[in-house]
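Produce the complete structure using the sequences and hints provided.
Which chain is which? The protein sequence lines are E and P, in order. Residue numbers for the first sequence follow my numbering, so the first one is 1 and each next one is one higher. Residue numbers for the second sequence follow my numbering, so the first one is 288 and each next one is one higher.
Derived by calculation from the structure, the hints in this document are not laboratory data. Wrong hints could be hidden among the right ones.
Claimed, not checked - Once the Cα atoms are required to be at most 30 Å apart in a straight line, the calculated DSS-like pairs of lysine-lysine come out as:
#1 128/E to 569/P
#2 282/E to 376/P
#3 569/P to 462/P
#4 292/P to 376/P
#5 128/E to 310/P
#6 247/E to 534/P
#7 401/P to 292/P
#8 313/P to 415/P
#9 247/E to 569/P
#10 401/P to 415/P
#11 292/P to 310/P
#12 292/P to 534/P
#13 534/P to 128/E
There are 2 protein chains.
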Amino acid sequence: MLFRKVAIVGVGLIGGSLGAALKSRKLAEEVHGIGYRSCTLAEARQRGCIDDFTIDVAEGVQQADLVIIATPVSLIVEKAREIALSIPKGCIVTDVGSTKKLITDQLDEVFAGKALFVGSHPMAGSEKRGATNASKDLFDGALCILTQTPNTNEAAIEQVLEMWRGVGAITRVMKAADHDRRVALASHVPHVVAAGVVNVQTDDSLECAASGFADATRIAASDPQLWSGICLDNAREILAGIDVLTKELASVRAIIERGDEQALFERLRRASQRRRSWEEAKGKPET
Amino acid sequence: MLFRKVAIVGVGLIGGSLGAALKSRKLAEEVHGIGYRSCTLAEARQRGCIDDFTIDVAEGVQQADLVIIATPVSLIVEKAREIALSIPKGCIVTDVGSTKKLITDQLDEVFAGKALFVGSHPMAGSEKRGATNASKDLFDGALCILTQTPNTNEAAIEQVLEMWRGVGAITRVMKAADHDRRVALASHVPHVVAAGVVNVQTDDSLECAASGFADATRIAASDPQLWSGICLDNAREILAGIDVLTKELASVRAIIERGDEQALFERLRRASQRRRSWEEAKGKPET
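See the structure below:
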């Protein structure tokens with residue numbers, strides 16, 4: 001057993017799936033859920049995501065050796081402050097937020113001298129929500145990025161790495177600022193763009209949408225509350241990403257307008273080749 | 288049997304899959320492939336896509352009652368002129384091009400008084416290419432748009448509709464110009480954008496790309512030759528679509544920059560809701 005008692009704060013799709021994965025892979029003796037609503041927590045327990053639950057944070061984190069904050073990004077810092085009031089000394093804390101710089105800076109401070117914080121971002125999940133859609137295999141083959149700061153405890157990050165690998169994830173460690181810049185381009189901007197592609201459709205054009213549209217916009221169906229939080233939290237990097245993409249679109253637009261077949265082919269060929277290389281390299285462990 | 292002899296000009300992913308579908312569903316007595324290279328045609332025959340093949344167009348269309356032009360968009364008109372020289376009088380001709388206005392205008396003229404042309408656009412296929420990836424089930428549940436002009440023969444369009452329905456497609460009939468406008472927004476612009484999203488990635492950011500990126504950019508891996516042809520053929524509508532999307536992105540950018548949580552939530556909520564409604568309505572027959 002990697003952990004004796006794990007407390008998961010926020011038992012939604014990610015928290016619930018992680019609980020189920022920890023239990024099924026025997027990485028924790030007990031998994032406790034902490035949330036707002038007993039009925040959804042009871043459902044999560046029934047689905048095998050957690051062993052027990054409470055709506056009282058202080059009670060939930062008692063004697064835990066790992067606390068996982070799995071709320072939406074916009075609630076993580078607030079929840080961390082509450083947890084810090086009663087967390088057992090030396091307990092490891094991680095979060096699962098899709099942005100990392102602001103969260104890491106603040107949680108490092110909130111838990112300083114109290115608990116050992118390590119930031120995590122499991123890049124799993126989907127447009128589905130809630131513990132009702134939880135799956136113990138959600139992290140199988142998924143990328144999970146951990147953040148390291150000068151304050152990060154070495155033993156704690158090793159434990160958290162072991163947990164993510166234990167549930168099947170491929171792990172990378174980087175600085176929070178690097179995470180935010182890279183993930184803005186690779187995940188946040190594509191989300192904003194997918195929502196834009198949906199929003200510019202007319203009722204007429206939607207009738208002509210097929211499998212390409214389905215793939216390209218699947219992420220646009222994601223939880224708007226969660227994603228507005230992410231966009232505002234990582235605003236600076238996302239704005240930079242939107243600017244780069246807008247420039248790229250303007251450049252392709254000019255190529256199409258002047259009917260430059262060779263330049264257009266070259267642009268599309270580069271995208272096709274990069275996308276294929278990425279697909280092939282995907283899932284290979286960090287070098 | 289719907290047709291006695293079907294000739295497919297261009298036995299790639301779409302042509303090969305259609306051949307296999309026609310054969311497996313017994314919609315044609317014989318399916319002949321016409322192409323440039325005997326070796327790829329022989330492979331298509333071996334895979335059950337066609338019964339026989341030739342590299343001679345005149346020979347291939349002899350005694351056909353349906354000719355399907357399944358070349359890339361940029362070659363359709365040229366190929367049609369060649370076919371028109373030897374097509375049996377009264378034969379039905381369709382194409383599978385992803386753009387329709389220019390093709391329909393020209394093929395109506397090319398085949399006037401010779402054969403009965405009906406434009407088709409089966410919205411199936413993927414980033415995979417060639418008859419080696421052909422599947423007899425490719426059109427199952429896929430949308431297929433047929434175009435109608437004042438010249439379109441009623442009996443011919445009925446036959447072509449019956450063929451697409453026979454291979455499992457959901458059909459719609461519209462004017463070619465309407466097709467091009469609607470499909471630019473729902474398919475062509477998303478392709479251009481997906482390629483752009485890939486091209487703006489850095490090597491660093493690609494290392495942080497996960498399942499959302501995979502979905503959003505799957506279509507960017509498509510054949511660049513095919514897609515540069517489509518973009519240039521439907522340039523006017525695609526440019527208009529890029530402009531609408533650029534405006535939408537600028538508007539979302541401004542919302543993020545000013546940190547307007549309510550407006551951002553509203554924008555993402557609208558996208559999420561529309562995407563979900565579309566998913567639910569998808570596949571329901573035309574009303």
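Okay, the hints, checked on the actual structure:
Under the criterion of a C-alpha separation no larger than 30 Å, the hint pairing residue 128/E with residue 569/P is consistent with the structure, at around 18 Å. At roughly 53 Å between alpha-carbon atoms, residue 282/E and residue 376/P are farther apart than 30 Å, so this suggested pair is violated. Of the supplied pair hints, the one linking residue 569/P and residue 462/P holds, its CA atoms being roughly 21 Å apart against a limit of 30 Å. Distance restraint check for residue 292/P and residue 376/P: the Cα-Cα separation of roughly 14 Å lies within the 30 Å cut-off, and the hinted pair is therefore satisfied.
Restraint check for residue 128/E and residue 310/P: the C-alpha separation of about 39 Å exceeds 30 Å, so the hint is violated. The straight-line distance between the Cα atoms of residue 247/E and residue 534/P is roughly 13 Å, inside the 30 Å bound, and the hint therefore holds. A threshold of 30 Å between alpha carbons decides the hint, and for residue 401/P with residue 292/P the separation of about 17 Å falls inside it, so the pair holds. For the proposed pair residue 313/P and residue 415/P, the alpha carbon gap of about 26 Å is at most 30 Å, so the pair holds.
Straight-line distance between C-alpha atoms of residue 247/E and residue 569/P comes to about 33 Å, which puts the hinted pair past the 30 Å bound. For the hint pairing residue 401/P with residue 415/P, the CA-to-CA distance comes to about 35 Å; that exceeds 30 Å, so the pair is violated. For the proposed pair residue 292/P and residue 310/P, the alpha carbon gap of about 11 Å is at most 30 Å, so the pair holds. Straight-line distance between C-alpha atoms of residue 292/P and residue 534/P comes to about 50 Å, which puts the hinted pair past the 30 Å bound.
As the CA atoms of residue 534/P and residue 128/E are separated by approximately 29 Å, the hinted pair is consistent with the 30 Å bound.
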